[in-house]
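Can you build the whole structure from these sequences, using the hints too?
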Amino acid sequence: DIQLTQSPSFLSASVGDRVTITCRASQDISSFLAWYQQKPGKAPELLISAVSTLQNGAPSRFSGSGSGTEFTLTISSLQPEDFATFYCQHLIDYPITFGQGTRLEIK
Amino acid sequence: EVQLVESGGGLVQPGGSLRLSCAASGFTFSYHHMDWVRQAPGKGLEWVGRIRIQRDSYTTEYAASVKGRFTVSRDDSKNSLYLQMNSLKTEDTAVYYCARDSHSHSFDYWGQGTLVTVSS
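Those protein sequence lines, which keep their order, are chains A and B. Note that this note's numbering has the first sequence beginning at 1, numbered continuously upward. Note that this note's numbering has the second sequence beginning at 1, numbered continuously upward.
Don't read these hints as lab results, they were simulated from the structure. What you are looking at is a predicted structure, and each value in this text was computed from that prediction instead of being measured. The C-beta atom is built at its ideal place from N, Cα and C for all residues, glycine as well. Check before you lean on any hint, since a few could be wrong.
As the list claims (entries may be wrong) - Residues from chain B that face chain A, not an exhaustive set, calculated with beta carbons under 10 Å: (1) Leu4; (2) Phe27; (3) Tyr31; (4) Glu46.
Shown next as structure tokens:
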């Protein structure tokens, strides 16, 4: 199975900060990587597909990059509504797996 | 507007069975692979299983943790997705989400989730 490891697992930041979350895959997953945001008590929402394609309606302050085994999600300037848990996911093979999550909290 | 609405969750004893449903609307259901994802209380997301479209013979894939116990099915005439869960264990306690495959290697729409609690 392909393992996805996110770092950090917990991040404390302030409104206006630039933050980066990393997702490392245990083997090459090409560009089959997506990012999701989940707020407490809600379903996850797709932010980015295929490494860097921003989902319709997702704010442009979110961006994704990477290839192969290392990927990043960047938020250019944190807004109050961005504080949530973020997950990466691969879909290159089965089982589909998610990273363990990165919880982003207000400093 | 795309909508996915799960139902069928509840409290069940270990060893018991439960069938979850996911009603889809606002898109051509038969065109999309569909998935189930679960989230145990306070934990991360775990993919459960997938069913492909008719063109791909409705074939299925499962996580190792549920293979042989859970069955994903669909009824395109009713725009519905199902998850039959048998031999339930306490570790199956979770919110279960149905999700739509986007055709671009991601899940672009999710239901609100239904809680399954396995406890005696």
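### Query
Against the structure shown, which of the earlier numbered hints fail to hold, in ascending order?
Numbers 2 and 3 - these are the hints that the structure violates, sorted from lowest upward.
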